[in-house]
Amino acid sequence: MGKLDGKVAAITGSTRSIGRAMAEAFLREGASVVVNGRDQAKGEQAIAEMGGGDRLALFVGDAAKQSTAEGIVDYAVERFGKLDIMCLNSGGVQHTAPVAEMSDEEWQLEMDWNLNSVFWGMRRSLQHMIPRNSGRIIVTSSVEGKGAKPGIPGYNTTKHAVCGLVKSAAKEVGTTGITVNALLPGLIETDIVRDTGPESAKMMGLDSYEAMIDMFAQESAIKKPNTVEQVAAVAVLLASDAGRNMTACMFPIDGGTLPY
Amino acid sequence: MELDGRVAVISGGTRGIGRAIAEAFLRDGAKVVVSGRDQAKGDQAIAEMNDELGATGNVAFVQSDATKRADCERLIDTAIEQFGRVDILVNNAGGSKNNAPVAQLTDEAMDYALTVNLWSTLWCTRKALEHMIPQQWGRIINISSVEGKMGKPGLSTYVAAKHAVNGLTKSCAQEVGTLGITVNALCAGAIETDMMKTEGPPAAESMGMTYQGLLDLFAQESAIKRLNEVEDVAAVASLLVSEAGAGITGSLISIDGGTSPY
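In the order they appear, the protein sequences are chains A and B. Counting the first sequence from 1 gives a position; this note's numbering is that position plus 60. Counting the second sequence from 1 gives a position; this note's numbering is that position plus 1151.
Hints should not be assumed to be uniformly reliable.
[What the hints assert, rightly or not] Pair ranges (Cβ atoms, derived): (1) A/Q278 with B/P1352: 18 to 28 Å; (2) A/G113 with B/G1156: 26 to 36 Å; (3) A/G113 with B/E1232: 46 to 56 Å; (4) A/E249 with B/D1216: 39 to 49 Å; (5) A/S194 with B/E1259: 42 to 52 Å; (6) A/G62 with B/D1258: 50 to 60 Å; (7) B/D1155 with A/Y320: 30 to 40 Å; (8) B/E1153 with A/G66: 42 to 52 Å; (9) B/P1412 with A/M171: 19 to 29 Å; (10) B/G1156 with A/E165: 51 to 61 Å; (11) A/E249 with B/A1221: 43 to 53 Å; (12) B/Q1190 with A/R88: 37 to 47 Å.
[To be verified] Straight-line distance between alpha carbons at most 25 Å, and here's what the computed PhoX-like set of lysine-lysine pairs gives: (13) B/K1376 with B/K1192; (14) A/K231 with A/K142; (15) A/K231 with B/K1303; (16) A/K209 with A/K283; (17) B/K1348 with B/K1303; (18) B/K1192 with A/K231.
[To be verified] To give an idea of the interface, some chain B residues facing chain A are shown, with a C-beta separation under 8 Å as derived from the structure: (19) N1201; (20) G1205; (21) N1209; (22) H1282; (23) I1284; (24) D1383; (25) V1387; (26) G1401; (27) I1406.
Note that these hints are calculated values from the structure, not bench results. Don't be surprised by glycine CBs; every beta carbon is placed ideally from N, CA and C.
Bound conformation, chain A alone:
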């Protein structure tokens, strides 16, 4: 018997990395899951690899767009009849730059991708969850949701902002059986970090990608990066019945990096 038997979950940005690990963990615990990614072929490949059968579905779309952030919610309800767990996970940085050199285009992209997408998906989810007096919303923030690194101001800003959004929503729906929480992972060597890492390292004034990984690791107590499985385990706890009385929690999974 799984901890999420009969539950329906949707996860933005889940064909790889943290979202993928959440999808796999939820499937193992008995949930039906809608995964999301921008690329049809990569999405289909991910679905095939996960092997979730009838309990797994793909919703293709760019999570930075309102049509996707809202559409995945509607699709989950249409496909599986309801939505119990919404993981607003998609996010990132396209081009790193310090504030003095940040372009309006990049800034807007990060606002849409990391903050507006979470708002759009959360609002739509709540519209489904509030009448049912039940639901779990889990937002992937970051260690940069409380801290900050030079060279990624849009990321720092939006990851802080989603924590504010999570707290507000949690207080609004606290008595309705819906919880709203944020996960604050430390550095994980995900595909997106490998893709943007070299540029980020340069912006932080570091020699190499490896130097950046090492810098993050050295900030932690465990002196190594976190893993996607560690984040997924917390998501399962928050999504399960045992998590019903945890809300507005900013849950660090950062190997002892953050001061609070």
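Could you slot chain B onto chain A? The hints should help.
What follows is chain B alone, placed relative to chain A:
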């Protein structure tokens, strides 16, 4: 099972939060040592766990006073004697008494709160680390409180002691972070445990309200507008002691229904 072969020590685990954690760990396959001041209550708790969980042989009780260093250290020694190792320590014993506004607070009241919450945590932790450091594996969970992050008038002893426990948690986590040992604090919201029923009424009086008023205040501060439950805390403890918990350390995790601002 997740905790097969693991040995856990839980101070004050005969009832309340500690008991819920003991039961969760037993269900996951661990061997568990719990403590308490009262031998008869301890015997009863063991009998109940043996009966309800079929835990016979897997759970032991040590009569122990958390305000005494020798008793705290003996808890760890007992785990070694009975089960051969210590993998998990839950510093759960705590409390406060003779609360009053700071202007009228006695030294004894502050001393008691610091001893039962902070010193007991240090004594058990230091002794447990003697075993965890050589084996390069350990999980230490300090049962703190929402009052480890916030503050209430008239409760300064408890508030100060739980803030201090959170500080100890952070320092210790940094010290042993590369040794396979994690140290975290669980900041629980108010739960109507036996301890709350005993210590709550005088604490409420110190705050100038009724016991029911105190419970209502805690509930109204939260987003869920109700108190927490011991099972909420046990579920997070189970996560932290699992292999998946290896990446979480130095964290002050709120299990408070959305009360604390951070």
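For each hint, the structure was consulted:
Roughly 49 Å separates the CB atoms of A/Q278 and B/P1352, a value that falls outside the hinted 18 to 28 Å. Checked against the hint of 26 to 36 Å, the C-beta distance between A/G113 and B/G1156 comes to roughly 34 Å, which is consistent with it. The supplied range of 46 to 56 Å is met by A/G113 and B/E1232, whose beta-carbon atoms lie about 50 Å from each other. Between A/E249 and B/D1216 the Cβ separation comes to about 48 Å, which falls inside the hinted range of 39 to 49 Å.
Separation of A/S194 from B/E1259 is about 48 Å and conforms to the stated range, judged on CB atoms against 42 to 52 Å. Between A/G62 and B/D1258 the Cβ separation comes to about 53 Å, which falls inside the hinted range of 50 to 60 Å. Range check, B/D1155 to A/Y320: Cβ separation about 35 Å, and the 30 to 40 Å hint holds. At about 23 Å, the CB distance of B/E1153 to A/G66 disagrees with the hint of 42 to 52 Å.
Taking the beta carbon of each, B/P1412 and A/M171 are about 24 Å apart, inside 19 to 29 Å as hinted. Judged by the Cβ atoms, the range 51 to 61 Å given for B/G1156 and A/E165 holds: they are separated by roughly 55 Å. Range check, A/E249 to B/A1221: Cβ separation about 47 Å, and the 43 to 53 Å hint holds. As the Cβ distance of B/Q1190 to A/R88 is approximately 44 Å, the hint placing it in 37 to 47 Å holds.
The straight-line distance between the Cα atoms of B/K1376 and B/K1192 is roughly 32 Å, outside the 25 Å bound, and the hint therefore fails. In summary, the hint linking A/K231 to A/K142 is supported, as the alpha carbons are separated by about 23 Å, within the 25 Å threshold. Under the criterion of a C-alpha separation no larger than 25 Å, the hint pairing A/K231 with B/K1303 is consistent with the structure, at around 20 Å. Straight-line distance between C-alpha atoms of A/K209 and A/K283 comes to about 17 Å, which keeps the hinted pair within the 25 Å bound.
Distance hint between B/K1348 and B/K1303 is fulfilled; the C-alpha atoms sit about 18 Å from each other, no more than 25 Å. A C-alpha spacing of about 40 Å is found between B/K1192 and A/K231, which places the hinted pair above 25 Å, so the restraint is violated. Look at B/N1201: its Cβ only gets to about 24 Å from chain A, farther than 8 Å, so that hint breaks. Proximity of B/G1205 to chain A is violated relative to the hint, the smallest CB-CB distance being about 19 Å (cut-off 8 Å).
With a least beta-carbon distance of about 22 Å to chain A, the hint placing B/N1209 at the interface is violated under the 8 Å criterion. Residue-level restraint check for B/H1282 is violated (minimum Cβ-Cβ distance to chain A is 20 Å; threshold 8 Å). With a cut of 8 Å, the hint placing B/I1284 at the interface with chain A is violated, because the nearest CB-to-CB distance is about 14 Å. Satisfaction of the interface hint for B/D1383 is found here, the shortest Cβ-Cβ separation to chain A being roughly 4 Å, below the 8 Å cut-off.
With 8 Å as the threshold, the beta carbon of B/V1387 comes within range of chain A, its nearest partner Cβ sitting at about 7 Å, so the hint holds. At about 3 Å, the closest approach between the beta carbon of B/G1401 and any beta carbon in chain A falls short of 8 Å, and the interface hint on this residue holds. Because the smallest distance between the Cβ of B/I1406 and any Cβ of chain A comes to about 5 Å, under 8 Å, the interface hint for this residue holds.
Hints 1, 8, 13, 18, 19, 20, 21, 22, 23 from the list above are not met by this structure, while the remaining hints are.
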